[in-house]
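With chain S fixed as given, assemble chain D onto it according to the hints.
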Amino acid sequence: MNLITSTIGQGLLWGILALGLYLSFRILNFPDMTVEGTFPFGAAVCVSAIVHGVNPWLATLLSFGAGMITGAVTGLLYTKGKIPVLLAGILTMTGVYSVNLRILGKANVGLLNNKTLLNMGLLQNLPTNFPTIFLGLAFAICIVFLLALFLNTDLGQAFIATGDNENMSRSLGINTDNMKILGLMVSNGLIGLAGGLLAQNGGYADVNMGIGTMVIGLAAIIIGEVVYGNLSLTARLVAVVVGSILYRLVLLLVLQLGFSTNDFKLISSIILAICMMLPLFQEKFHIRKLIKKGVERP
Amino acid sequence: MSKLELKHITTTVNAGTSEEKQILKDINLTLNDGDFVTLLGTNGAGKSTLLNVINGSLFPTNGEILLDGKNLTNLSEVKRAKYISQVFQDPKMGTAPRMTVAENFLLATKRGQRRGLKLRGLDKHLEMFSRETSQLPNGLNQRLNTFVGALSGGQRQTLSFLMATINRPNLLLLDEHTAALDPNTSRELLELTDKVVREQKLTCVMITHQLKDALKYGNRTVILKDGQVVLDVSGDKRKKMSEDDILQFFAN
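As given, the protein sequences belong to chains S and D, one line each in that order. When the letters of the first sequence are read in order and numbered with the numbering used here, they come out as residues 13 to 310. When the letters of the second sequence are read in order and numbered with the numbering used here, they come out as residues 29 to 280.
Chain D extracted, bound-state conformation:
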């Protein structure tokens, strides 16, 4: 069953000038329901551009994007938020620093919904937030009323991830979401990611630069090179692959 369909996606920057460059070149990719894809590629290969095309912050020059059979191609990022959630690389990008942890959570529970003049009802949700954060090793549940700006990068990024998944998204996009963290914290967040994606049976695309992680997590690996898919592997074939096998696709 196909979940996300990218059909003939092309993006051109600086069209009509001498600087014209195709970032994505006729990408065709279909994700099945429950696919956890690790996306690899060198800098400039077009990974982030692809994610931006999917989340709607960048419109493709050509091509179509379908999620659950619904055509999203012309929907803005704001409209797509109802279906798609994401975690950015920079912990500062996914959270509001002058609001408390609980207030950030509350914003996330209303992702993609109409926000009107109803009182926010923070107290009603506190118990749920406390439960959601209770099993985490980093003490986030003790800091629900702390301003996010006072949290560590790891705590902020864990919060970003929980905010992205607190309301089950149809599609979860992770843009190197552990790259800015120290090795231990990064490991913890990756384990949490793996657990949540499995438990909620999420369809997920995760960009990473760690070859080991790319093979360890998820059920499918895609490699982009110069704006094209050069490897798309899953199942047994993927299990047999080593980091060296992957590395060959990076070579020129």
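Okay, chain S solo, but in the shape it has when bound:
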């Protein structure tokens, strides 16, 4: 039971990262590698602030701001610097690694007994793992609500249109460069926030904690899509969070099968690869079914 509640809590927090990634990967339609630098950046800023006595709420907010900065850097390199987006993300990700080391002073900093969002106020009275679930749920609900609201504004629609058809968007007077920068900033802001929250949950920040986060986020998005199929935009955001929880449960299952945590990255990649190939399998499957039906009918 403890394992399951812990998994759900983790899934919710990782869901925030997946929501951020959804903006760049699904709406703007490009792979943003900045993620792997933004996530530890958010964590480093948050942990370092808390260790220096900053209020955990403010520290969490700072992790969001930190993410927005890396997003802005990638966005500017991409739009104004005309660097291909994949490379722009990798440049930011690599550069921010050194920044993280500077902020933390060493590779790994623990929170020790400092106050975090998870052990202050009412949350500390909850049973084990429930503070994480409660906090994750609260953040996930707020973010899904705000994102859904934003995507339904004129600006949000222009943002969606930019990812959908850049040419058309420009011809309709949408400044697509600004939309991409804005999208990357919000996206990475959420990823930084996820980094801050997960660092508080785990009790430490590590410069290497970003490795593989891209795959985790994408897995959540794809699992959500595979499980729920066609949905409205708002429902799809919820599906991303649910996908994140499902993904964590699959990992838990794998762990129960006797694999070690060292195998996680390999397993993550395999799960994502399978999920991404599922539509292909389904198509083949359907075609077979159709042929069968065709033969059976008189």
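A few of these clues could be false.
Said to hold, decoys possible - Just a few of them, taken from the derived set where beta-carbon distance is under 8 Å, the chain S residues facing chain D: (1) L167; (2) L184; (3) G185; (4) I186; (5) Q268.
Claimed, not checked - To be clear about the criterion: a stretch of chain D counts as covered by chain S if any three or more of its residues have a C-beta under 8 Å from a C-beta of chain S, and this derived list gives those stretches: (6) 109 to 118; (7) 124 to 131; (8) 136 to 144.
What the hints assert, rightly or not - Derived DSSO-like pairs: lysine-lysine, alpha-carbon spacing no greater than 27 Å straight-line: (9) D:K110 / D:K98; (10) D:K240 / D:K265; (11) D:K240 / D:K253; (12) D:K267 / S:K92; (13) D:K107 / S:K92; (14) D:K110 / D:K49; (15) D:K31 / D:K110; (16) D:K49 / S:K94; (17) D:K120 / D:K107; (18) D:K229 / D:K240; (19) D:K267 / D:K223; (20) D:K240 / D:K98; (21) S:K94 / D:K253; (22) S:K94 / D:K107; (23) D:K253 / D:K31; (24) D:K223 / D:K138; (25) D:K120 / D:K98; (26) D:K110 / D:K265; (27) D:K35 / D:K53; (28) D:K53 / S:K92; (29) D:K110 / S:K94.
If you are wondering where the hints come from, they were derived from the structure by calculation, not from laboratory data. Note that the Cβ used here is the ideal one computed from N, Cα and C, for glycine as well.
Same frame as chain S, but now just chain D:
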């Protein structure tokens, strides 16, 4: 009354290299208010380049562009969208496939306007969209909530055209907008184009490769050859011209 003025427009590509080439050579063209110009020319004559210079996706090497007396020469494509709308040749280029027909319309109603954090208000516009599409033969009004990616090429292009004209543009640019469609659909869209341009008294430039259409539609025909205007005709003189007369301007 002059609407659009192109003064000494020159565009050079690959300047400073051995590949240097002038696409447009000192083009001077003035469109009057309400002119519906059909633009002809062989491939590589510079028709699309001229349209790109007007819409701002390409800046001329030399020359000035004025619309309603306002100098647009240094304005970006995004800024010019307030005044100029266009329909591309490829139906996929003018619409957003993962958004619904109504959402595409809504984007177009705000062409060139500031887009802020106000809720989009899709429901308020649905009636208008439904009215705008009701007389069309292709059933677009039944598909307002369909994702555009699921529409046929003809429906998508009709949608692109309606999006370009839903807010009256000061200038409408059509870049072979019916070339990718089957003959019937192409005919329907050309008729719709003609009707809307007349009703709204739009100033319009339409590129076409169909000589018949070039003479049938509009009030003026311009032929480009090697980056220069070789024919600019309207009125009675144009009415007397046959397709063979036009064809002579294509010969070397």
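These are the hints, each one checked on the structure:
A hinted interface residue such as L167 of chain S counts as satisfied when its beta carbon comes closer than 8 Å to some beta carbon of chain D; here the least separation is about 5 Å, so the hint holds. The restraint placing L184 of chain S at the interface with chain D holds, with a minimum CB-CB distance near 5 Å, inside the 8 Å limit. Interface hint status for G185 of chain S: upheld, as the beta-carbon distance to the closest one in chain D is roughly 3 Å, under 8 Å. The beta carbon of I186 of chain S comes within 7 Å of a beta carbon in chain D, closer than 8 Å, and the hint placing it at the interface holds.
The restraint placing Q268 of chain S at the interface with chain D is violated, with a minimum CB-CB distance near 39 Å, outside the 8 Å limit. Check result for the stretch 109 to 118 of chain D against chain S: holds, 5 residues qualifying (beta carbon to beta carbon below 8 Å, three or more required). Coverage of a stretch by a chain is defined here by at least three residues with a beta carbon nearer than 8 Å to that chain's beta carbons; for the stretch 124 to 131 of chain D and chain S the count is 5, and the condition holds. With a threshold of 8 Å between beta carbons, the proposed coverage of the stretch 136 to 144 of chain D by chain S holds, since 7 of its residues qualify and at least three are required.
With a CA separation close to 13 Å, the supplied pair K110 of chain D and K98 of chain D stays within the 27 Å bound. For the hint linking K240 of chain D to K265 of chain D, the alpha-carbon distance of about 16 Å falls within 27 Å, and the restraint holds. Between K240 of chain D and K253 of chain D, the direct Cα distance comes to roughly 19 Å. Compliance with the 27 Å bound is thereby established for this hinted pair. Only pairs whose Cα atoms come within 27 Å are accepted, and K267 of chain D paired with K92 of chain S is rejected, the gap being roughly 50 Å.
Between K107 of chain D and K92 of chain S the alpha-carbon distance is near 17 Å, which keeps this suggested pair within the 27 Å criterion. For the hint pairing K110 of chain D with K49 of chain D, the CA-to-CA distance comes to about 32 Å; that exceeds 27 Å, so the pair is violated. The suggested pairing of K31 of chain D with K110 of chain D holds, with an alpha-carbon distance near 15 Å, which does not exceed 27 Å. Taking the CA atoms of K49 of chain D and K94 of chain S, the gap is about 25 Å. The hint holds against a cut of 27 Å.
Taken as a hint, the K120 of chain D and K107 of chain D pair is honoured in the structure, with Cα atoms around 23 Å apart against an allowance of 27 Å. For the given pair, K229 of chain D sits about 22 Å from K240 of chain D by alpha-carbon distance, which is consistent with the 27 Å threshold. At most 27 Å may separate the alpha-carbon atoms for a hinted pair to count; K267 of chain D and K223 of chain D meet this at roughly 19 Å. Pair hint K240 of chain D plus K98 of chain D does not hold up; C-alpha atoms about 34 Å apart against a cutoff of 27 Å.
With a C-alpha separation of about 34 Å, the suggested pair K94 of chain S and K253 of chain D falls outside the 27 Å cut-off, and the hint is violated. At most 27 Å may separate the alpha-carbon atoms for a hinted pair to count; K94 of chain S and K107 of chain D meet this at roughly 21 Å. Of the supplied pair hints, the one linking K253 of chain D and K31 of chain D holds, its CA atoms being roughly 24 Å apart against a limit of 27 Å. A distance of roughly 23 Å separates the Cα atoms of K223 of chain D and K138 of chain D; the hinted pair therefore holds under the 27 Å criterion.
A C-alpha spacing of about 32 Å is found between K120 of chain D and K98 of chain D, which places the hinted pair above 27 Å, so the restraint is violated. A distance of roughly 35 Å separates the Cα atoms of K110 of chain D and K265 of chain D; the hinted pair therefore is violated under the 27 Å criterion. Proposed proximity of K35 of chain D and K53 of chain D is supported: the alpha carbons are some 11 Å apart, at most 27 Å. Taken as a hint, the K53 of chain D and K92 of chain S pair is broken in the structure, with Cα atoms around 31 Å apart against an allowance of 27 Å.
Simply put, K110 of chain D and K94 of chain S have alpha-carbon atoms about 26 Å apart, close enough for the 27 Å limit, and the pair holds.
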